[in-house]
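According to this note's numbering, the sequence shown is numbered sequentially starting from 3.
It is possible that part of the hints are untrue.
Across the chosen pairs, the derived CB separations fall in these ranges [said to hold, decoys possible]:
1. A175 - E118: 36 to 46 Å
2. G95 - V171: 47 to 57 Å
3. E118 - V171: 23 to 33 Å
4. K155 - K32: 28 to 38 Å
5. S27 - T134: 24 to 34 Å
6. A175 - P57: 48 to 58 Å
List of simulated lysine-lysine pairs, BS3-like, C-alpha gap at most 25 Å [stated by the list, open to error]:
7. K155 - K140
8. K177 - K162
9. K140 - K29
10. K177 - K132
Derived from the structure by calculation, the hints contain no laboratory data. All residues carry an ideal CB built from backbone N, CA and C; glycine is no exception.
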Amino acid sequence: MSRIGRLPIDIPSDVTVTVTGRDVSVKGPKGELGLTIARPIEVIVEENQVVVSRPDDERESRSLHGLTRTLIANNIVGVTTGYTKGLEVVGTGYRVAQKGGSVEFALGFSHPVLVEPPAGITFTVEGNNKVTVSGIDKQAVGEAAANIRKIRKPEPYKGKGVRYAGEVVRRKAGKSGK
């Protein structure tokens, strides 16, 4: 039995979970998220808990059991508290500025890079080198942060670029002089 999948998910008082056929809808104070459940997995809402079960011990059922439970739990956390991911811009002359809802990066290119937020995602800039990506969908927040980081990944010699908050960049020694 899946250790994660068999755990029931507690539903907070301000959240409603609705199961219609294969669709699970989660409404909370920050918004609404939906999820379509894969075929063998069953989801039941009883009292103040969501219970995810599987009919058999086939390989596919086992692999989807814990995944489905975690996705529903992530949706519940998203509509109550939301998700944030921090990014830091490191490098001489590298900076970031808020332009309305979008963010403009100066990352050593010949032009500034303007990044528009996807639907449901907000960008906030702190100072001139920190960006916070926030939203209710964990996957969308992570993907938006990864797309920003992809513009100029941290390089291993000087450590310049866009990195996640708290990310450790392994440094290389560079050339050795004689």
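Hint check:
no.: 1; hint: A175 - E118: 36 to 46 Å; result: holds, 39 Å
no.: 2; hint: G95 - V171: 47 to 57 Å; result: violated, 18 Å
no.: 3; hint: E118 - V171: 23 to 33 Å; result: holds, 27 Å
no.: 4; hint: K155 - K32: 28 to 38 Å; result: holds, 31 Å
no.: 5; hint: S27 - T134: 24 to 34 Å; result: holds, 28 Å
no.: 6; hint: A175 - P57: 48 to 58 Å; result: holds, 57 Å
no.: 7; hint: K155 - K140; result: holds, 22 Å
no.: 8; hint: K177 - K162; result: holds, 17 Å
no.: 9; hint: K140 - K29; result: holds, 15 Å
no.: 10; hint: K177 - K132; result: violated, 31 Å
Going down the numbered hints, you'll see the structure goes against 2, 10, while the others check out.
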